[in-house]
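Engineer: Chain residues, written in single-letter form:
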Amino acid sequence: MKFYEESDLPIYIQVAEWLENEILRGQFEPDDKIYSQYQLADLFTINPATAGKGLTILFDHDILYKKRGLGMFVTPHARSVILSKRKNEKLTLLVNGIVDEAERLEVPFDELIDMLKSAKMKTQGRDKND
Amino acid sequence: MIECKKLSKKYRSHSALSNLNCTIQENTITGVIGRNGAGKTTFMKLIAGYLKKTSGELHVMEENPFTSLKVSANSIFIDDQMSLPTSLNLKELLNSFARFYPNWNEPLANELMTYFQLPQKAYMQNLSKGMRSTFQAIIGFAARCPLTIYDEPTTGMDAAVRKDFYRALLKDYLAFPRTILLSSHHLEEIENLLENVLIIHDQKAFMHLSVSELKESVVAVKGEKAAVNEFASMHNKLSINESFPGMAMAVVQVNNYIRRENFPHLTFSNLTANEAFIYLTDSREGGIDRVFERSELD
Numbered sequence: 001m002k003f004y005e006e007s008d009l010p011i012y013i014q015v016a017e018w019l020e021n022e023i024l025r026g027q028f029e030p031d032d033k034i035y036s037q038y039q040l041a042d043l044f045t046i047n048p049a050t051a052g053k054g055l056t057i058l059f060d061h062d063i064l065y066k067k068r069g070l071g072m073f074v075t076p077h078a079r080s081v082i083l084s085k086r087k088n089e090k091l092t093l094l095v096n097g098i099v100d101e102a103e104r105l106e107v108p109f110d111e112l113i114d115m116l117k118s119a120k121m122k123t124q125g126r127d128k129n130d
Numbered sequence: 001m002i003e004c005k006k007l008s009k010k011y012r013s014h015s016a017l018s019n020l021n022c023t024i025q026e027n028t029i030t031g032v033i034g035r036n037g038a039g040k041t042t043f044m045k046l047i048a049g050y051l052k053k054t055s056g057e058l059h060v061m062e063e064n065p066f067t068s069l070k071v072s073a074n075s076i077f078i079d080d081q082m083s084l085p086t087s088l089n090l091k092e093l094l095n096s097f098a099r100f101y102p103n104w105n106e107p108l109a110n111e112l113m114t115y116f117q118l119p120q121k122a123y124m125q126n127l128s129k130g131m132r133s134t135f136q137a138i139i140g141f142a143a144r145c146p147l148t149i150y151d152e153p154t155t156g157m158d159a160a161v162r163k164d165f166y167r168a169l170l171k172d173y174l175a176f177p178r179t180i181l182l183s184s185h186h187l188e189e190i191e192n193l194l195e196n197v198l199i200i201h202d203q204k205a206f207m208h209l210s211v212s213e214l215k216e217s218v219v220a221v222k223g224e225k226a227a228v229n230e231f232a233s234m235h236n237k238l239s240i241n242e243s244f245p246g247m248a249m250a251v252v253q254v255n256n257y258i259r260r261e262n263f264p265h266l267t268f269s270n271l272t273a274n275e276a277f278i279y280l281t282d283s284r285e286g287g288i289d290r291v292f293e294r295s296e297l298d
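If you read the protein sequences in the order shown, they are chains A and B.
Numbering-wise (the working numbering), the first sequence opens with residue 1 and increments by one.
Numbering-wise (the working numbering), the second sequence opens with residue 1 and increments by one.
Please keep in mind that the hints were generated in silico from the structure rather than gathered at the bench.
Treat the hints with caution; some may be incorrect.
[Claimed, not checked] A few chain A residues that don't get close to chain B, going by computed Cβ distances all over 10 Å:
1. 24
2. 31
3. 98
4. 107
5. 108
[What the hints assert, rightly or not] Here are the simulated distance ranges between beta carbons:
6. 61/A / 167/B: 23 to 33 Å
7. 67/A / 177/B: 35 to 45 Å
8. 80/B / 30/A: 38 to 48 Å
9. 39/A / 233/B: 45 to 55 Å
10. 70/B / 61/A: 37 to 47 Å
11. 97/A / 234/B: 18 to 28 Å
12. 66/B / 25/A: 51 to 61 Å
[Unchecked claim] A short, non-exhaustive set of chain A residues, derived as facing chain B with CB atoms under 10 Å:
13. 9
14. 13
15. 45
16. 97
17. 101
Where a beta carbon is used, it is the ideal one built from N, C-alpha and C, also for glycine.
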């Protein structure tokens with residue numbers, strides 16, 4: 001039996017993430033036209049319907065908007081949407097990891113909160129010393 | 001484009017397909033996947049009009065393919081048993097296909113012949129297995145038929161040619177969208193090309209879904225024996241391995257999204273589309289290991 005890692009994401013999500021990275025990289029400015037599903041299909045050798053699904057995710061998150069008959073374009077606030085989405089996902093993942101580890105080590109929840117508080121105090125202390 | 005209702009095919013007393021239901025939309029690429037002898041080739045030959053159905057309904061382009069000139073003129077079936085006249089060389093074969101198929105793209109055929117280094121003056125019977133498959137694939141591209149069916153098109157092709165074939169298939173599809181059926185034993189090689197997968201199992205259309213849905217429908221779970229068994233009993237258990245003391249690994253089919261955070265004592269992992277397919281279609285309890293265990297007991 002062989003197990004694969006969780007990072008084995010569906011292709012359409014990988015396409016969406018790749019496009020997000022292109023936007024973060026500044027490859028696409030607000031109101032720029034993004035790749036069509038056919039261009040994406042050609043770029044990655046994937047079915048155009050799969051590429052279309054990736055674009056739809058970004059449309060649903062308000063990162064892209066449609067112009068009838070012209071294709072998909074980057075919204076003015078695309079960058080900030082992507083950044084806040086990524087931050088939330090990353091932070092949630094870290095917090096989940098902390099809670100899991102605390103349970104494994106049998107650290108009571110109150111103690112975990114205290115640890116978080118003292119960590120916060122330390123960073124504040126560091127800020128003052130700067 | 002294609003509609004089947006309770007489609008059945010018997011070869012004398014041997015049943016190859018029974019009560020198969022499915023609908024295939026126009027201009028999609030569908031992978032036809034199944035274990036050996038599942039009925040893939042029979043299914044595709046019925047659609048191409050090569051075989052006559054025994055019972056049920058089958059409509060291709062709204063007609064019965066077995067008696068339809070429309071289907072015959074608008075479809076092409078590519079497999080390694082295509083009977084082509086041995087007295088014609090490759091160039092002459094291409095010319096005769098050009099006369100039959102109205103959308104024939106001659107420049108593309110010539111470019112592909114040069115790219116894959118197929119000599120125009122050669123004869124089919126003198127080509128290697130891989131080169132023959134390549135030549136037949138070229139016919140499939142150049143014919144630009146609204147319904148193009150490839151049955152195991154990559155037989156004998158080396159890895160580099162297979163990669164080129166998949167890329168060519170996609171590029172040609174983007175340039176000239178059409179309905180494509182593609183059967184293969186290498187799901188991992190074709191999964192990204194496909195819009196849908198049609199799994200034929202036990203002579204039926206077992207599942208018809210997208211590749212990502214196929215992946216999500218099966219999950220592997222690891223953990224303490226009791227926890228794994230409890231989880232497996234709530235779903236359709238496909239396989240369980242308890243060879244580690246106190247631990248178990250199970251593969252289960254799930255009908256809806258599993259909130260993994262609700263099962264903190266279990267470790268979940270995803271399978272590839274091909275592994276999911278193998279577990280779903282494995283009817284033999286315990287797999288190959290069990291056969292050896294049984295034979296050792298005797």
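Engineer: Each of the hints needs a verdict: does it hold here or not?
Structural biologist: Each hint tested on the structure:
{"no.": "1", "hint": "24", "in the structure": "holds, 25 Å"}
{"no.": "2", "hint": "31", "in the structure": "holds, 26 Å"}
{"no.": "3", "hint": "98", "in the structure": "holds, 14 Å"}
{"no.": "4", "hint": "107", "in the structure": "holds, 15 Å"}
{"no.": "5", "hint": "108", "in the structure": "holds, 17 Å"}
{"no.": "6", "hint": "61/A / 167/B: 23 to 33 Å", "in the structure": "holds, 31 Å"}
{"no.": "7", "hint": "67/A / 177/B: 35 to 45 Å", "in the structure": "violated, 23 Å"}
{"no.": "8", "hint": "80/B / 30/A: 38 to 48 Å", "in the structure": "violated, 53 Å"}
{"no.": "9", "hint": "39/A / 233/B: 45 to 55 Å", "in the structure": "holds, 48 Å"}
{"no.": "10", "hint": "70/B / 61/A: 37 to 47 Å", "in the structure": "holds, 45 Å"}
{"no.": "11", "hint": "97/A / 234/B: 18 to 28 Å", "in the structure": "holds, 27 Å"}
{"no.": "12", "hint": "66/B / 25/A: 51 to 61 Å", "in the structure": "holds, 56 Å"}
{"no.": "13", "hint": "9", "in the structure": "holds, 9 Å"}
{"no.": "14", "hint": "13", "in the structure": "holds, 9 Å"}
{"no.": "15", "hint": "45", "in the structure": "holds, 6 Å"}
{"no.": "16", "hint": "97", "in the structure": "violated, 12 Å"}
{"no.": "17", "hint": "101", "in the structure": "violated, 12 Å"}
When each numbered hint is compared with the structure, violations occur for hints 7, 8, 16 and 17.
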